[in-house]
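Undergrad: Sequence:
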Amino acid sequence: MSNTLSPPNNIGVTSVDQTKMKFIKKLTWLISGGMFLDGFVLGTIGMVMPAITKDLALSLTWQGLIGSGALIGVFFGSLLGGWLSDRIGRRPIFTLNLILFLIGSVAQFFVSDAVSLFLIRVLMGIAIGMEYSVGWALLAEFSPAKIRGKLLVIQEGGWFLGYMAAYVVGYILTVKYTMHWNFIMGLSLIPTVILLILRHGTPESPRWLMSKNRTAEALEISTKYMEAEEQRDALKQLPTAAERHYGFSALFTARNIKSTVFMSIFFLCAITPYFAIGSFIPMVMEKLGFKDGFTGGLFLNIFSIVGVIFAALLIEKLGRRKLSIPSFYIQALAFLLIGLFGSASATLVMVCFLAFYFFTTIPQAITGVYPGEIFPTEVRSIGSGFVAAMSRVGAALGTFVMPMGIESFGVNTMVYLAAAVCLLGAVVTQLMAPETTGKTLSETVDHARSDATI
48 MSNTLSPPNN IGVTSVDQTK MKFIKKLTWL ISGGMFLDGF VLGTIGMVMP AITKDLALSL
108 TWQGLIGSGA LIGVFFGSLL GGWLSDRIGR RPIFTLNLIL FLIGSVAQFF VSDAVSLFLI
168 RVLMGIAIGM EYSVGWALLA EFSPAKIRGK LLVIQEGGWF LGYMAAYVVG YILTVKYTMH
228 WNFIMGLSLI PTVILLILRH GTPESPRWLM SKNRTAEALE ISTKYMEAEE QRDALKQLPT
288 AAERHYGFSA LFTARNIKST VFMSIFFLCA ITPYFAIGSF IPMVMEKLGF KDGFTGGLFL
348 NIFSIVGVIF AALLIEKLGR RKLSIPSFYI QALAFLLIGL FGSASATLVM VCFLAFYFFT
408 TIPQAITGVY PGEIFPTEVR SIGSGFVAAM SRVGAALGTF VMPMGIESFG VNTMVYLAAA
468 VCLLGAVVTQ LMAPETTGKT LSETVDHARS DATI
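Residue 48 is where the sequence shown starts when you use the numbering used here, and the numbers rise one by one after that.
For the record, the hints were derived by calculation from the structure and aren't laboratory data.
By construction, the Cβ of each residue, glycine as well, lies at the ideal position given by its N, Cα and C atoms.
Each hint should be verified, as a subset may be incorrect.
[As the list claims (entries may be wrong)] Only pairs whose alpha carbons sit at most 25 Å apart, straight line, appear in this in silico PhoX-like list of lysine-lysine:
no.: 1; residue 1: 283; residue 2: 67
no.: 2; residue 1: 486; residue 2: 283
no.: 3; residue 1: 305; residue 2: 73
no.: 4; residue 1: 69; residue 2: 369
no.: 5; residue 1: 193; residue 2: 486
no.: 6; residue 1: 67; residue 2: 369
no.: 7; residue 1: 223; residue 2: 369
no.: 8; residue 1: 223; residue 2: 72
no.: 9; residue 1: 67; residue 2: 223
no.: 10; residue 1: 369; residue 2: 486
no.: 11; residue 1: 364; residue 2: 67
no.: 12; residue 1: 72; residue 2: 486
no.: 13; residue 1: 271; residue 2: 486
no.: 14; residue 1: 197; residue 2: 73
no.: 15; residue 1: 259; residue 2: 283
no.: 16; residue 1: 369; residue 2: 305
no.: 17; residue 1: 305; residue 2: 67
no.: 18; residue 1: 223; residue 2: 69
no.: 19; residue 1: 486; residue 2: 73
no.: 20; residue 1: 197; residue 2: 369
[Stated by the list, open to error] Pair by pair, the computed Cβ-Cβ distance ranges are:
no.: 21; residue 1: 391; residue 2: 454; range: 16 to 24 Å
no.: 22; residue 1: 300; residue 2: 223; range: 52 to 60 Å
no.: 23; residue 1: 451; residue 2: 301; range: 51 to 59 Å
no.: 24; residue 1: 295; residue 2: 146; range: 21 to 29 Å
no.: 25; residue 1: 156; residue 2: 388; range: 46 to 54 Å
no.: 26; residue 1: 102; residue 2: 261; range: 46 to 54 Å
no.: 27; residue 1: 241; residue 2: 134; range: 54 to 62 Å
no.: 28; residue 1: 366; residue 2: 260; range: 18 to 26 Å
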């Protein structure tokens with residue numbers, strides 16, 4: 048049998064297109080639901096940490112370990128999930144990570160000591176990391192080229208919605224009703240069970256099936272769920288040798304190293320300043336007139352969601368590069384202005400802070416777009432998982448280095464450093480980012496290996 052197949056031509060276009068678009072929309076919401084769950088799990092811990100600290104008499108060390116447990120898990124889960132997804136398929140990992148969520152959610156109802164809680168949070172983080180590595184790849188491999196960027200940005204918005212939901216629910220149940228922290232953390236069980244049920248029956252990626260030489264299955268699934276152009280492109284996927292299994296070393300071959308380097312730096316520069324800015328949140332929120340932390344935090348979360356909507360509306364019109372590059376430059380300018388003139392004008396600090404918070408959301412949203420587009424099928428999940436792991440390095444740097452740097456070197460020095468990180472992101476994106484808008488995945492992978500048009 049030939050490795051390149053063609054879709055049948057005797058299908059009613061209107062009914063098929065409606066059926067396929069219904070599936071694509073469902074898949075988008077299912078993956079957005081996973082991102083919602085991720086944001087909810089990561090957001091809940093901040094709201095209940097004071098109660099946990101008091102109840103379990105936590106030392107500062109244990110507070111740090113439990114607070115960062117999920118981030119540690121994300122680092123390893125992204126790597127493991129990516130490796131498994133490319134080796135055994137997208138569909139099994141798409142379910143396995145929710146089973147891990149389910150186990151962790153139930154366990155959170157009953158945990159009563161610091162060590163167990165830390166281990167459970169690491170497990171939840173592993174599940175989150177798996178979601179990153181498989182979700183981006185699966186959605187990219189099914190999506191029509193003309194709306195792929197928009198769909199991948201939308202699912203990133205699920206994270207911010209989940210984080211905001213955790214923020215609101217956590218506040219209401221801790222302040223208004225004083226629910227026990229076990230119950231609040233265990234609430235992740237509800238969206239987990241819903242998603243586990245709804246994800247039942249999700250098909251395997253035809254592109255992955257073709258890479259494993261399972262052409263009959265790929266043809267059947269692609270005919271049912273993919274539009275003609277994407278089906279033709281998926282069925283051109285060449286199989287890898289049966290004895291060949293790609294590992295992380297494949298990301299650093301001549302074929303993939305450019306994409307790996309670009310996406311790792313892109314992620315680090317998109318994530319690091321976002322977490323670093325937490326050092327300035329109380330001051331700026333006070334200047335904005337938010338006297339309590341809850342209202343100010345809610346305002347910033349809504350601001351982030353608006354940024355995701357902005358990116359989703361414009362990504363297919365302007366393209367990935369024209370959205371990402373100016374966003375990085377504007378962030379760098381905002382930090383530079385704060386460093387130069389911030390001490391003389393509280394209003395300027397407020398304006399620059401809000402500009403940063405809006406524009407930083409755009410490259411963060413696009414972090415869910417590029418990995419699925421520029422890595423080839425055989426390492427798409429491994430690549431997505433690897434760069435997601437790099438984002439956790441950025442989160443750790445922003446969270447821990449910025450406060451220590453302020454104490455050791457002063458606010459201005461660290462503000463200039465944040466500006467330099469954003470500037471690095473702008474320059475690297477301008478030099479290395481391909482423009483993948485409207486291209487099939489075969490075209491985006493080929494284009495990612497060539498020089499970007501500057």
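Undergrad: If any of the earlier hints don't hold here, list their numbers in rising order.
TA: 3, 4, 6, 7, 8, 9, 17, 18, 23, 27 and 28
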